[in-house]
Amino acid sequence: SGLCKLWTIPDCKHVRTFRGHTINACCISWHPQSTLTQDPAMINLASSSFDGSVKLWNLQSDEPIAEIEGHAPFRVSKVKFHPSGRFLATACYDHSWRFWDLKTQEEILHQEGHS
81 SGLCKLWTIP DCKHVRTFRG HTINACCISW HPQSTLTQDP AMINLASSSF
131 DGSVKLWNLQ SDEPIAEIEG HAPFRVSKVK FHPSGRFLAT ACYDHSWRFW
181 DLKTQEEILH QEGHS
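Per the numbering used here, the sequence shown starts with residue 81, numbered consecutively.
The set of hints was computed from the structure by calculation and includes no laboratory data.
Where a beta carbon is used, it is the ideal one built from N, C-alpha and C, also for glycine.
Any given hint could turn out to be false.
Claimed, not checked - Estimated spans, in silico, between C-beta atoms of each pair: (1) 119 / 176: 19 to 27 angstroms; (2) 95 / 146: 16 to 24 angstroms; (3) 92 / 187: 35 to 43 angstroms; (4) 153 / 88: 33 to 41 angstroms.
Unchecked claim - In the DSS-like style, the derived pairs of lysine-lysine whose C-alpha atoms are separated by at most 27 angstroms in a straight line are: (5) 183 / 158; (6) 160 / 85; (7) 158 / 85; (8) 93 / 183.
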């Protein structure tokens with residue numbers, strides 16, 4: 081469906097539905113400095129999809145606050161924040177992975193050959 085849904089634990093109450101991917105979302109990673117704040121400038125999580133997109137989200141909006149482009153049309157299988165929170169690593173089914181600077185939203189490393 082391309083939707084990412086946020087639920088509370090342990091009572092499983094629906095909090096928010098994030099809309100932005102065109103087909104199945106496959107991975108979500110929480111920003112290491114994420115808090116429950118609803119600051120519209122704060123990146124709280126990243127998601128990837130079978131459509132090759134990577135979206136950045138905050139907890140205030142149902143729509144992405146930014147999109148990282150570079151993998152399409154290949155499915156992005158993993159997203160993971162660097163412990164500093166400034167960088168994001170993405171892995172793709174074309175056997176490549178990329179490292180992104182979230183401050184500039186630019187790719188700073190692209191390597192091929194992962195399995």
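Right, here's what the structure says about each hint:
1. Between residue 119 and residue 176 the CB atoms are about 33 angstroms apart, so this pair departs from the stated range of 19 to 27 angstroms.
2. The beta-carbon spacing between residue 95 and residue 146, approximately 21 angstroms, falls within the hinted interval of 16 to 24 angstroms.
3. Here the CB-CB span from residue 92 to residue 187 is close to 37 angstroms, well matched to the stated 35 to 43 angstroms.
4. Here the CB-CB span from residue 153 to residue 88 is close to 35 angstroms, well matched to the stated 33 to 41 angstroms.
5. Using a Cα cut-off of 27 angstroms, the hinted pair residue 183 and residue 158 holds, with the two alpha carbons roughly 20 angstroms apart.
6. At roughly 18 angstroms between alpha-carbon atoms, residue 160 and residue 85 fall within 27 angstroms of each other, so this suggested pair holds.
7. Proposed proximity of residue 158 and residue 85 is supported: the alpha carbons are some 17 angstroms apart, at most 27 angstroms.
8. Under the criterion of a C-alpha separation no larger than 27 angstroms, the hint pairing residue 93 with residue 183 is inconsistent with the structure, at around 33 angstroms.
The structure fails to meet hints 1, 8 from the earlier list, while all remaining hints are met.
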